[in-house]
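Peer 1: Which chain is which? The protein sequence lines are A and B, in order. Quick note, in this note's numbering, the first sequence goes up one by one and the last residue is 280. Quick note, in this note's numbering, the second sequence goes up one by one and the last residue is 461.
If you're looking for bench data, these hints aren't it; they were derived computationally from the structure. Keep in mind it's a predicted model, so treat the numbers as computed, not measured. A couple of the hints might just be wrong.
Said to hold, decoys possible - Restraint-style ranges between C-beta atoms, simulated for each label pair:
1) N75(A) / K101(B): 26 to 34 Å
2) M1(A) / N97(B): 39 to 47 Å
3) L361(B) / N75(A): 58 to 66 Å
4) R278(B) / Y203(A): 57 to 65 Å
5) G204(A) / N97(B): 54 to 62 Å
6) R6(A) / K225(B): 26 to 34 Å
7) E134(B) / E77(A): 52 to 60 Å
8) T56(A) / E96(B): 22 to 30 Å
9) G362(B) / M1(A): 56 to 64 Å
10) D271(B) / Q123(A): 45 to 53 Å
11) N97(B) / D182(A): 55 to 63 Å
12) T402(B) / Q123(A): 23 to 31 Å
13) D55(A) / N97(B): 53 to 61 Å
To be verified - Below are the EDC-like pairs computed for lysine to aspartate or glutamate, each with C-alpha atoms no more than 20 Å apart in a straight line:
14) K269(B) / D41(A)
15) K206(B) / D84(A)
16) K245(B) / E232(A)
17) K353(B) / E252(A)
18) K266(B) / D249(A)
19) K245(B) / D251(A)
20) K348(B) / D249(A)
21) K245(B) / D41(A)
22) K201(A) / E150(A)
23) K348(B) / D251(A)
24) K3(A) / E208(B)
25) K206(A) / D158(A)
26) K46(B) / E33(B)
27) K7(A) / D51(A)
28) K190(B) / D41(A)
29) K198(A) / E252(A)
30) K266(B) / E264(A)
31) K348(B) / E264(A)
Ideal Cβ placement from N, Cα and C applies to all residues, glycine included.
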Amino acid sequence: MYKIVRKEILNPTVTLMEIYAPLIAAKAEPGQFIILRVNGDGERIPLTVADFNRDTGTVTIIFQIIGATTAQLNNLEEGQYIQDFVGPLGTPTHTEGLRKVAVIGGGVGSAIAYPVAKKLHGQGCEVHSITGFRNKDLVILEKEFNKISEKYILVTDDGSRGKKGMVTDALKELIESGEKYDQVIAIGPLIMMKFVCKLTKEYGIKTVVSMNPIMIDGTGMCGGCRLTVGGETKFACVDGPDFDGHLVDFDEAMARSAMYRDFEADQREKNCRLFKKEEG
Amino acid sequence: MANMSLKKNKMPVQKPEERTCNFDEVALGYSEEQALNEAERCLNCKNKPCVKGCPVAVQIPEFIERIRNKDFEGAYSIISETSSLPAICGRVCPQENQCEKYCVRGIKGEPVGIGRLERFAADRHNEDFEAKPEKPASNGKKIAVIGSGPAGLTCAGDLAKKGYEVTIFEALHMAGGVLVYGIPEFRLPKDIVSREIDNLKALGVKIETNMVIGKILSVDELMEKGFDAVFIGTGAGLPRFMGIKGENLKGVYSANEFLTRVNLMKAYKEDSVTPIYRGKNVAVVGGGNVAMDAARCAKRLGAQSVSIVYRRSEAELPARAEEVEHAKEEGIIFKVLTNPVELLPDDKGGVQKIRCVEMELGEPDASGRRRPIEKENSTFDMDADCVIMAIGTSPNPLIKNTTKGLETNRQGCIVTKDESGLTSKENVYAGGDAVTGAATVILAMGAGKSAAEAIDAKLKG
Ligand SMILES: Cc1cc2nc3c(=O)[nH]c(=O)nc-3n(C[C@H](O)[C@H](O)[C@H](O)COP(=O)(O)OP(=O)(O)OC[C@H]3O[C@@H](n4cnc5c(N)ncnc54)[C@H](O)[C@@H]3O)c2cc1C
Ligand SMILES: Cc1cc2nc3c(=O)[nH]c(=O)nc-3n(C[C@H](O)[C@H](O)[C@H](O)COP(=O)(O)OP(=O)(O)OC[C@H]3O[C@@H](n4cnc5c(N)ncnc54)[C@H](O)[C@@H]3O)c2cc1C
Ligand code: SF4
Ligand code: SF4
Ligand code: FES
Numbered sequence: 001m002y003k004i005v006r007k008e009i010l011n012p013t014v015t016l017m018e019i020y021a022p023l024i025a026a027k028a029e030p031g032q033f034i035i036l037r038v039n040g041d042g043e044r045i046p047l048t049v050a051d052f053n054r055d056t057g058t059v060t061i062i063f064q065i066i067g068a069t070t071a072q073l074n075n076l077e078e079g080q081y082i083q084d085f086v087g088p089l090g091t092p093t094h095t096e097g098l099r100k101v102a103v104i105g106g107g108v109g110s111a112i113a114y115p116v117a118k119k120l121h122g123q124g125c126e127v128h129s130i131t132g133f134r135n136k137d138l139v140i141l142e143k144e145f146n147k148i149s150e151k152y153i154l155v156t157d158d159g160s161r162g163k164k165g166m167v168t169d170a171l172k173e174l175i176e177s178g179e180k181y182d183q184v185i186a187i188g189p190l191i192m193m194k195f196v197c198k199l200t201k202e203y204g205i206k207t208v209v210s211m212n213p214i215m216i217d218g219t220g221m222c223g224g225c226r227l228t229v230g231g232e233t234k235f236a237c238v239d240g241p242d243f244d245g246h247l248v249d250f251d252e253a254m255a256r257s258a259m260y261r262d263f264e265a266d267q268r269e270k271n272c273r274l275f276k277k278e279e280g
Numbered sequence: 001m002a003n004m005s006l007k008k009n010k011m012p013v014q015k016p017e018e019r020t021c022n023f024d025e026v027a028l029g030y031s032e033e034q035a036l037n038e039a040e041r042c043l044n045c046k047n048k049p050c051v052k053g054c055p056v057a058v059q060i061p062e063f064i065e066r067i068r069n070k071d072f073e074g075a076y077s078i079i080s081e082t083s084s085l086p087a088i089c090g091r092v093c094p095q096e097n098q099c100e101k102y103c104v105r106g107i108k109g110e111p112v113g114i115g116r117l118e119r120f121a122a123d124r125h126n127e128d129f130e131a132k133p134e135k136p137a138s139n140g141k142k143i144a145v146i147g148s149g150p151a152g153l154t155c156a157g158d159l160a161k162k163g164y165e166v167t168i169f170e171a172l173h174m175a176g177g178v179l180v181y182g183i184p185e186f187r188l189p190k191d192i193v194s195r196e197i198d199n200l201k202a203l204g205v206k207i208e209t210n211m212v213i214g215k216i217l218s219v220d221e222l223m224e225k226g227f228d229a230v231f232i233g234t235g236a237g238l239p240r241f242m243g244i245k246g247e248n249l250k251g252v253y254s255a256n257e258f259l260t261r262v263n264l265m266k267a268y269k270e271d272s273v274t275p276i277y278r279g280k281n282v283a284v285v286g287g288g289n290v291a292m293d294a295a296r297c298a299k300r301l302g303a304q305s306v307s308i309v310y311r312r313s314e315a316e317l318p319a320r321a322e323e324v325e326h327a328k329e330e331g332i333i334f335k336v337l338t339n340p341v342e343l344l345p346d347d348k349g350g351v352q353k354i355r356c357v358e359m360e361l362g363e364p365d366a367s368g369r370r371r372p373i374e375k376e377n378s379t380f381d382m383d384a385d386c387v388i389m390a391i392g393t394s395p396n397p398l399i400k401n402t403t404k405g406l407e408t409n410r411q412g413c414i415v416t417k418d419e420s421g422l423t424s425k426e427n428v429y430a431g432g433d434a435v436t437g438a439a440t441v442i443l444a445m446g447a448g449k450s451a452a453e454a455i456d457a458k459l460k461g
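This is chain B alone, in the form it adopts within the complex (with noise of 0.2 Å):
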């Protein structure tokens, strides 16, 4: 008989007043009593509504049932058929609008904890399992992956598991993308990326680091170079501001900076040579996962008071549903319904307030949402010796403008053919924040994982 209780079982979590003072991983992860109980709660629905919500269609009933029988091996191949990044999907996916979305427990009560059995079925695994991959035979093939991110990291281990020789280039000094610079340490231990890295390594994948393609090489200079195809995964990391007066007083940030300073760079480490500014009142302005992040690293960096300034209202919050719970948890102020229209200096060229307006929702917009509207005379001041914009990013024009041929739309994003990658240039493909703007983790992994097969069905001929 099924586990019939309305609500999953919950989440180990440090608590919220020891965590603000470290950088460690939030959620623990399910015990082993914890994963079977919750596996109890899947029906094991014969239609599998769950699946139709996960991008790559991760065959959610039959790793959950490997579980209840305790067959956790079991259930890592069966994710890992259609997922290369299980321990990374499981914790960032925003399952409640994914899978969890179309699980049928959820009519009445909550879903099964779909991305928490994913996330302690890879962990089993990587506990359980030290070996690497085996390098396989060449088939003399060469592809070159521009960017470490998701998107090209799935590409590069897919192509590399088929034979084909791969060089990974990337920018930074460091493989990763997002997953490094971006999502901080307490909600993506670095350790996992770079076993999964490490595991690209052992395929023969080579990775080239301090290599931004477009001034050092072009796509073009790498076909030349005798990869015989490219495949494309950027992201989208071109950080957007608001236009308003004040954005670049000292004390101001983009969410990219403050991230990569306290991730990428290490600036939360005591003895760290990465300088961060450590505000004492900190506003975030955005609503996302990126603003959740930077809000909860201000935190972190010992700030007394850190608000999340927000246009919409709480409902429309864009970020994943536990991190909002988190960081409200975490003493975080939600300023909803609220727009920053100017930002004020003090005597020193540095940020002092943030002048806002209130809002509120008007009719649906494009996107579907209520458009906020301002209310007249509303405007008011909040202290903030730190200012974090994160209202979103772009494609970087870098290789738009050093690639002849390669089409892109008005966002500045790659077009693709179809679901394929094929971009406008033979042999060149594309995907994952390059193609669709600032997306997510699963989403940029399908857009590698298709653009492998398609490279391999052209180059095979």
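If we strip away everything but chain A, and leave its shape as in the complex, we get (with noise of 0.2 Å):
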């Protein structure tokens, strides 16, 4: 069993735990991933290491309530504890010799960018951040980035916070000013990082993705989180998550996240009835 130390609701659909885990902390790179089932006979679900302590043996969490899971997760407070917590699990993300970033994170993803962007930063590499939310009561970590990054840009669909706009808008106008950048790195929803991957392809930027799979075990045993990367099936829990944007198939990628949507939007309306009958 594994205690939440710390809650902190970020947003009304995303919430921060730190897990008290101190095996994992010590090890943990940005990056890399845990599974966690939240009750005995839970789902295994995987979310990325947001941040870590190794003093305080802490594993931070950020995670978006959008099915069964999260919500249970969600429902779960200071002091209580969660069933199963493993790893770290897949390859740190690259980011030696790396002197000029773009970061850009969609939504929750920009949670999954975070600790990669303030690793670069750490290491000297200048960073320059752009993260997207749908409207401004979706906005996370704009203090965090702001922090770490030399450039700084926030947007929203409608504009209600930030340039109003998509975060493709953004970095193509940074990338027309004349910024020159080693690398970009995309994390958010599938076809927010296809698009980034389109526009980056035509200037020819190297893009690192990191992709979200529907996973089991996060060891390479089931297979199910495989993916075509360049021509070549790869198991994102082992060989990533971050892949060459570029050589992603994300239009295949698209159809195997969508295996289970029948199933999963059941599984919500039922943990709904559940939650009603526990308030009512």
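Mind docking these for me? Both chains are given alone in their own frames, and the hints should help you get the complex.
Peer 2: This is how it looks when you write it as structure tokens:
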């Protein structure tokens, strides 16, 4: 059992939790993830290591409440426990040798992008960050990104905070204004990463994306997380989750991630009814 | 006078039309009467040819004699001298290639039902004895066992009995390896596995789940933490794919994923939170136990038709004979001498059809089996909205990649010096599928046993 030592509601749909898991905290690197099960008959879901503290032995996760499992997780409070918490999984993000990077985060993807941006900044790399959200209520980590970025652009779909537009618009503007990036790192919904890659391909800028296919074990045992990258099959949990975005078959990944859409909608429905009952 | 019937006592089973609607055990086990009658078929041969067929040399005529004398507990203790998991091996050993293959009664008629008798003795013991083993006094030495499949469980149990302080590190959230995530409930009830695990705990074995060795701690770090020896029983869990077009379409599973969802994550239960794709027309590629298990699970999840697609002929099917027979009774279609060449999509990125070619058998290959070759112009398409790849697995490279100085071969299997399981690293032993590649429960168990002996011999100095 793994204790929740801190819980913070970042916005109505995104929650941060700090979990006591000293062995994982000792090894984790930006870009890696954990897999958790909330309770004894729960599903296994992957979440990125958003931060870690080797001294206090804690690992931070930031998750969006989108379905049954994340809703259950969000129902837990400080001092309560998570059944299973395994990691650190996946290959850390390569940051060596980068001198100027544009980091793009879409929605909760910003939480995954943040530790990478922070690490780059710590290494003396010039970081330009762009994070995008649907509206002002969903904005997260604005202060944090501001602190570690030489340039920081916040965009919202409706313009209710920051610039109105999409992350690709902001990135295009930066590139057009003459910024030269060694690399772009894009983390967010598949569709966002697909379009970032389309744009950077035109300019010939190497782009790394963090893929989030459906996973079970996270150790290379099930093959459920497989993707086609450059015509080859890769397992996101061990070969990734970072991949060269210009080689990823996004359309296939989008089809695969919709595999259980009906089932999940059903679960969500059941879960909502359950919570209502508990409340009423 | 021995029972000279040419046939084994039939195993009572759930009726096919009933069992395809549930996940309860198919084979129900001998009654006492049947067991006694079957035991009478054993001729108590002096040279015991059957024993040579058993990888761990269970003293077969001796235990059968005890059954004949109604000393069931005596039978159980004889089996336990050499086998740690009798209730499991009695159920899942490919007996027709092992002990029963060499039984003299098999020359004319059917061999003695050795596996069934073994299961009978073990089940009887489990029914009659609730008592847990006692924790032996500690000898102060610490052993780390990586992986909780039959190899790891056996090694841990044997060492714990000798007084070692054993900790098992398991990557998944539950111990048991393939016994819990692969082999389905209807073939191996999970209660039997948890009983074995409870016994280990009673012996003082610590089980740490959620520990992916190579990630959270390395083998070297375990040694630094004060473990005197390490046993690696990490299995061969990496699924192979065919490399054909369409293999990553929605609706295409590895058998590992499909079976893990169904067994470990209990997707078969009505109220399960684990999603599983319930295909109408399911095609399972492969012909081993894994393929049979996947096909029979798919049937139980409500598929209208389930086909096994296998490139050799029926005679070469590597699965246990009993499973093939059970699968057929359950209406699984066998498309043998058939090989998939492409998976065709529907307009939503899901698999719709499986394109195959017909095969014929040519000259024997290195494995001694006749090599399948493609018939010209034999391409045809089959409907399949769910395809499960069960064409084999290999050891996961994680341990190899994170353990300096650990020798592995071209297939990624850990190289051991001899029977003892000693690897190229001092005080690091390995056994089971991680060493042999995908094999059997009994071989993994045997390897765990030999390693435990070797570790004990080494540490006693
Ligand atoms: C490597 C990796 C890192 C991730 N990091 C984060 C993170 O830091 N923060 C965050 O909010 N989300 C992250 N995700 C996504 C997160 O795992 C899903 O949001 C979560 O599993 C949803 O579960 P649910 O039961 O609440 O929703 P459901 O209703 O079950 O699913 C909603 C959607 O989530 C995805 N999903 C469902 N189950 C899984 C699964 N087992 N594995 C992967 N995706 C699944 C599917 O696309 C699905 O359509 C990450 C995913 C991966 C693969
Ligand atoms: C579906 C299926 C059906 C089968 N049917 C039969 C049958 O009928 N009869 C038969 O004799 N054999 C059968 N087999 C084969 C048999 O199950 C295996 O040969 C046997 O389980 C191997 O045992 P093992 O202990 O070596 O490994 P496994 O049982 O594979 O156990 C290995 C364990 O190690 C864990 N692990 C892996 N890597 C790490 C790591 N880095 N850190 C921590 N833990 C790790 C895994 O999670 C797993 O729990 C079947 C196999 C499958 C998949
Ligand atoms: S352990 Fe397996 S091979 Fe040995 S006697 Fe029992 S059933 Fe036969
Ligand atoms: S070979 Fe057959 S008949 Fe002879 S002892 Fe073994 S089981 Fe009995
Ligand atoms: S999650 Fe199972 S292989 Fe990647």
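Peer 1: Can the restraint linking K245(B) and D251(A) be considered satisfied, given a maximum Cα separation of 20 Å?
Peer 2: 15 Å, holds
Peer 1: Checking one constraint from the list: CA of K190(B) to CA of D41(A), max 20 Å. Satisfied?
Peer 2: 15 Å, holds
Peer 1: Within 54 to 62 Å: is that where the Cβ-Cβ distance between G204(A) and N97(B) falls?
Peer 2: 59 Å, holds
Peer 1: Sort out whether E232(A) lies within 20 Å of K245(B), counting only the CA atoms.
Peer 2: This hinted pair holds, its Cα atoms lying about 11 Å apart.
Peer 1: For the pair we were handed, K348(B) and E264(A), check the Cα-Cα distance against 20 Å.
Peer 2: 18 Å, holds
Peer 1: Quick one, are K348(B) and D251(A) close enough, alpha carbons at most 20 Å?
Peer 2: OK: K348(B) and D251(A) at ~10 Å, within 20 Å.
Peer 1: For the pair we were handed, K7(A) and D51(A), check the Cα-Cα distance against 20 Å.
Peer 2: Holds - the C-alpha atoms of D51(A) and K7(A) are around 14 Å apart, at most 20 Å.
Peer 1: Would you check the hint for K206(A) and D158(A), treating anything up to 20 Å between C-alpha atoms as holding?
Peer 2: With a Cα-Cα distance of about 29 Å, the restraint between K206(A) and D158(A) is violated, given a limit of 20 Å.
Peer 1: Does the structure keep K3(A) and E208(B) at a Cα separation of 20 Å or less?
Peer 2: 17 Å, holds
Peer 1: Should the hint that E134(B) and E77(A) are 52 to 60 Å apart at their CB atoms be regarded as holding?
Peer 2: 41 Å, violated
Peer 1: Can the suggested window of 45 to 53 Å be confirmed for the beta-carbon pair D271(B) and Q123(A)?
Peer 2: 49 Å Cβ-Cβ, so the 45 to 53 Å window holds.
Peer 1: Between K266(B) and E264(A), is the straight-line Cα distance small enough, at 20 Å or below?
Peer 2: 16 Å, holds
Consistency with the previously given hints fails for numbers 1, 4, 7, 8, 18, 21, 22, 25, 26, ordered from lowest to highest.
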